[in-house]
Amino acid sequence: MSEVQLELEILRYDPEKDQEPHFKTYQVACREEWMILDAVNHVKDEVDTTLSYRWSCHMAVCGSCGMMIDGQPKLACKAAVKDYADKKVRIEPLANFPIERDLVVVQDDFMEKLKRVKPYIIRKEEKPIEEGEYKQSPADLKRFKQFTLCINCLCCYAACPEYALTPEFVGPAALALAHRYNADSRDQGLAERHKEISKPEGVWDCSFTDTCSIACPKHVDPASALQQLKITTTVQWYKELIGMGDK
Amino acid sequence: MELIKTDIAIVGAGGAGLRTAIAVAESNPDLKVALISKVYPMRSHTCAAEGGAAGVIKPDDSLELHFNDTVGGGDWLTDQDVVEYFVNEAPKELLQLEHWGCPWSREPNGSVGVRPFGGMKIKRTWFAADKSGFHILHTLFQTSLKCPTIERFDEFFSIDLLMADGRCQGVVAMEMKSGRLFQFQAKAVVLCSGGAGRMFPFSTNGAIKTGDGTAMAYRAGVPTKDMEFVQYHPTGLLATGILLTEGCRGEGGVLRNKDGYRYLQDYGMGPETPLGEPVLKTMELGPRDRLSQAFWHEQQKGNTIPTPWGDSTHLDMTHLGEKHIDERLPLVRELSIIYAGVDPVKEPVPIRPVVHYMMGGIHTNIDAETPVSGLFAVGECACASLNGANRLGSNSLTELLVFGKRAAKNAVEFARKQNSEANESELKEQADKAQAKVRELVQKSGGTESIAGLRSEMAKSLEEGAGIYRTEETLQQTCNTIADLRKRYAGIELHDKSNVFNTDLFQALELGNMLELAQTVAEGALARKESRGSHQRLDYEARDDEQYLKHTLASYQGEEAPRIDYHDVVITKSQPGVRDYSGGAK
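Protein sequence lines correspond, in order, to chains H and G.
Quick note: the first sequence uses the numbering used here, first residue 1, plus one each step.
Quick note: the second sequence uses the numbering used here, first residue 1, plus one each step.
Hint data in this document are derived by calculation from the structure and do not stem from the laboratory.
Don't take every hint at face value.
Below are the DSS-like pairs computed for lysine-lysine, each with C-alpha atoms no more than 27 Å apart in a straight line [unchecked claim]:
hint: 1; chain 1: H; residue 1: 218; chain 2: G; residue 2: 346
hint: 2; chain 1: H; residue 1: 195; chain 2: G; residue 2: 123
hint: 3; chain 1: G; residue 1: 146; chain 2: H; residue 2: 127
hint: 4; chain 1: G; residue 1: 497; chain 2: G; residue 2: 177
hint: 5; chain 1: G; residue 1: 573; chain 2: G; residue 2: 550
hint: 6; chain 1: H; residue 1: 142; chain 2: H; residue 2: 124
hint: 7; chain 1: H; residue 1: 135; chain 2: G; residue 2: 123
hint: 8; chain 1: H; residue 1: 135; chain 2: G; residue 2: 346
hint: 9; chain 1: H; residue 1: 135; chain 2: G; residue 2: 92
hint: 10; chain 1: H; residue 1: 218; chain 2: H; residue 2: 230
hint: 11; chain 1: H; residue 1: 115; chain 2: G; residue 2: 32
Here are some chain H residues the structure puts well away from chain G; computed CB gaps all over 10 Å [claimed, not checked]:
hint: 12; residue: 19
hint: 13; residue: 27
hint: 14; residue: 46
hint: 15; residue: 80
hint: 16; residue: 106
hint: 17; residue: 115
hint: 18; residue: 126
hint: 19; residue: 133
hint: 20; residue: 144
hint: 21; residue: 162
hint: 22; residue: 207
hint: 23; residue: 208
hint: 24; residue: 230
hint: 25; residue: 243
Computed, partial: chain H to chain G, Cβ under 10 Å [said to hold, decoys possible]:
hint: 26; residue: 20
hint: 27; residue: 22
hint: 28; residue: 25
hint: 29; residue: 33
hint: 30; residue: 64
hint: 31; residue: 102
hint: 32; residue: 104
hint: 33; residue: 121
hint: 34; residue: 124
hint: 35; residue: 130
hint: 36; residue: 137
hint: 37; residue: 177
hint: 38; residue: 186
hint: 39; residue: 187
hint: 40; residue: 196
C-beta: ideal position from N, C-alpha, C; glycine also.
Extracted from the complex, chain H is given alone in its bound form (with noise of 0.2 Å):
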């Protein structure tokens, strides 16, 4: 098995004994197969156990290993280091969040925004139980199981350009999810919904420029869903106006 070089270059942070964040570098022979997790790891197993980030499937799908790699917001388990074969690759926290420590940052702010955008099914009544399940199309399930997809990793707050201006957008994710419920056919809550959307720091905010789209490691397209999502917010801002407002 053939090898790649990695110089790494890690931002490190100890809010206990650093003023600043800083860099440091670390030399990595890689196994050609691997992830830049898996030289993240080597540097922690073999060089350096001080070093911190969150990880664990390996896989793409728990969305806890979203970092800048080389300036771009991508997961460490699935961004392969063949990509970067020796090169010099910076690794810094996910941008636009606080930094709790080396790699690890405060998720605090999208865990908040999340729950106000009301991420499950909102039903007048609910069906009991036995008399079973909700018939869905496999075209209305296409509808929103995309949007579905969204694995929580935050690469895309990292990537969007309003979010960097104004910490007060809700933002991709939680608006992606938002749709999601909305598009589903089991859900009513549209109009609960709408009031947290309709705000200033909700929907309209977003500039459409696509670059959660790019970052999303799981081509969920938040971009769409927003975009879906404004026309959805006009109409039902129209229905409210003339008195017919609920879903």
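Chain H is fixed; fit chain G onto it per the hints.
Coordinates of chain G only, in the frame set by chain H:
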């Protein structure tokens, strides 16, 4: 130390923890729930489950058939009262998830679709493409956001349980961002902390699967049960061990050796079925233990393909077609391309067996109760003996729903009966002890052992001694090695002294937990002189119902090896029989 008083404390916020929390919150809005997890809920390993969740829903299926498949699949080491309750409740729980918005794959008429799975006589596995666990986890997590009484403590690392007056009264956990310890006092505690597959070197499990809750319970006096039963999933990607779901074979994928021969027919699972027409409960739809054992035999015969990442066979899905694969197995295709450089549409994928699931865990019963009052456990961390000696694929996702709900009910009942005040002085003393343990670990200097070093020695030893096939000699060696590693653990030194997100510390605690559990795996396997399900002894090849139709209980003995006892299996209507996965099986 900060003190938090709650009614129900739940450790772990994956599928089991979330289901438990929602069940408490929905029917008991006056009770407080503290949901404590070392990761954010959506990072929990439930997200990695792919194939689906079993539950009887179609008219051609019956509860009795699901019961029989599960009991036989578990080689009769299942508790049949538990299985019966489980199959009854399974459809309701899966429907509940449907009502909460889980994007289950559908049939053209809009009803929920089901797919074939290994060891199941009828198609009964509900699926959301091949991301079923991911969707279940996110549906539960998002639904939990509407419950105001669930207070989450994300990124709190649990250290030890608090025991006083003969019952469990809480847990001590560290806030990871600050290093501050919190004493959670609770009227009942539910452990939902997942399995411990990271004890092994090659595993589908994420880094967080280190058995922390199981080890906490074990140290607090609850025996582990049946820990020697470790499931190898037959189809892991080389190099990484990433899971390729059993759904691949459910959809018609086949296993081939180096000559392209479908070798399962030589191991009691034939005759060969026509390509593209999978037959339930035979060949590729046999159970996981048998398929992984067949691989081992092929390896002995020289029929596997040597690779830099170990010997392999092939999972061939090329006959399924791009459209079908993209609709039913999109994640499998993506994972194979990214992590193995192979497109399953065009080429067979090299695979080998990989540690996937612990059938064993915290000793619990049909009520999700442990022998310690006030302490409950659900999901992979627990062993309610639903899965016996070999779990059938797609039963575990349903298990965490069914028993999450049941644990919630019983924990609430228990909590409501607790009138006595918490034993503050005793709890404080124990919490201080936990704090001292952590402090010593961080501050100790002069050690020469490394965490990564001990971890890899443990993993190597378990694989060598307690792998797919085991012998007295290899197991004894592993028992000795693990005992020695536990001694050497005292010699580790942490280089990270920070209070902020100190992963050096968390890894040290995780290693300590895994070493304790590794000992229960190896000692349990050494003592069980028979072959059953996933526990195969080359020196005792037959199942021995006379002596070993019993659960193994391992009890903590401090620095010594665990004490091994046995516990009766509950048999109600299915007497031990032959596990027949040949084409003639009824």
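Now for the hints, and whether the structure bears them out:
1. H:218 with G:346: Status holds; Cα separation ~22 Å.
2. H:195 with G:123: violated (43 Å)
3. G:146 with H:127: Distance of about 18 Å is within 27 Å: holds.
4. G:497 with G:177: holds (13 Å)
5. G:573 with G:550: Status holds; Cα separation ~17 Å.
6. H:142 with H:124: holds (24 Å)
7. H:135 with G:123: Holds, because 20 Å separates the two Cα atoms, which is no more than 27 Å.
8. H:135 with G:346: violated (35 Å)
9. H:135 with G:92: Measuring from Cα to Cα gives roughly 16 Å; hence the hint holds.
10. H:218 with H:230: holds (22 Å)
11. H:115 with G:32: holds (19 Å)
12. 19: Non-interface label on residue 19 of chain H holds, nearest chain G Cβ at 15 Å vs cutoff 10 Å.
13. 27: The claim holds: residue 27 of chain H sits with its nearest Cβ about 18 Å from chain G, beyond 10 Å.
14. 46: Given that some Cβ of chain G is not farther than 10 Å from that of residue 46 of chain H, nearest at about 7 Å, it is violated.
15. 80: Non-interface label on residue 80 of chain H violated, nearest chain G Cβ at 8 Å vs cutoff 10 Å.
16. 106: Violated, since 8 Å does not exceed 10 Å.
17. 115: violated (5 Å)
18. 126: For residue 126 of chain H, whose nearest Cβ neighbour in chain G is about 7 Å away, the distance does not exceed 10 Å, so it is violated.
19. 133: The assertion about residue 133 of chain H is violated, with a minimum of 5 Å to chain G.
20. 144: Residue 144 of chain H not clear of chain G: closest Cβ-Cβ about 7 Å, inside 10 Å.
21. 162: holds (24 Å)
22. 207: holds (27 Å)
23. 208: Fine: 26 Å to the nearest Cβ keeps residue 208 of chain H off the interface.
24. 230: Check passes; 22 Å lies beyond 10 Å.
25. 243: holds (28 Å)
26. 20: violated (15 Å)
27. 22: Hint violated; residue 22 of chain H Cβ to chain G Cβ min 15 Å, cut 10 Å.
28. 25: For residue 25 of chain H, the interface hint is violated, since the closest Cβ of chain G sits about 18 Å away, which is over 10 Å.
29. 33: For residue 33 of chain H, the interface hint holds, since the closest Cβ of chain G sits about 5 Å away, which is under 10 Å.
30. 64: holds (5 Å)
31. 102: holds (8 Å)
32. 104: Status holds, d = 5 Å.
33. 121: Constraint on residue 121 of chain H satisfied, holds at 4 Å.
34. 124: violated (14 Å)
35. 130: holds (8 Å)
36. 137: With Cβ-Cβ at 5 Å, under 10 Å, it holds.
37. 177: holds (7 Å)
38. 186: holds (6 Å)
39. 187: Holds. Min distance 7 Å.
40. 196: violated (13 Å)
Of the numbered hints stated above, those contradicted by the structure are hints 2, 8, 14, 15, 16, 17, 18, 19, 20, 26, 27, 28, 34 and 40, listed in ascending order.
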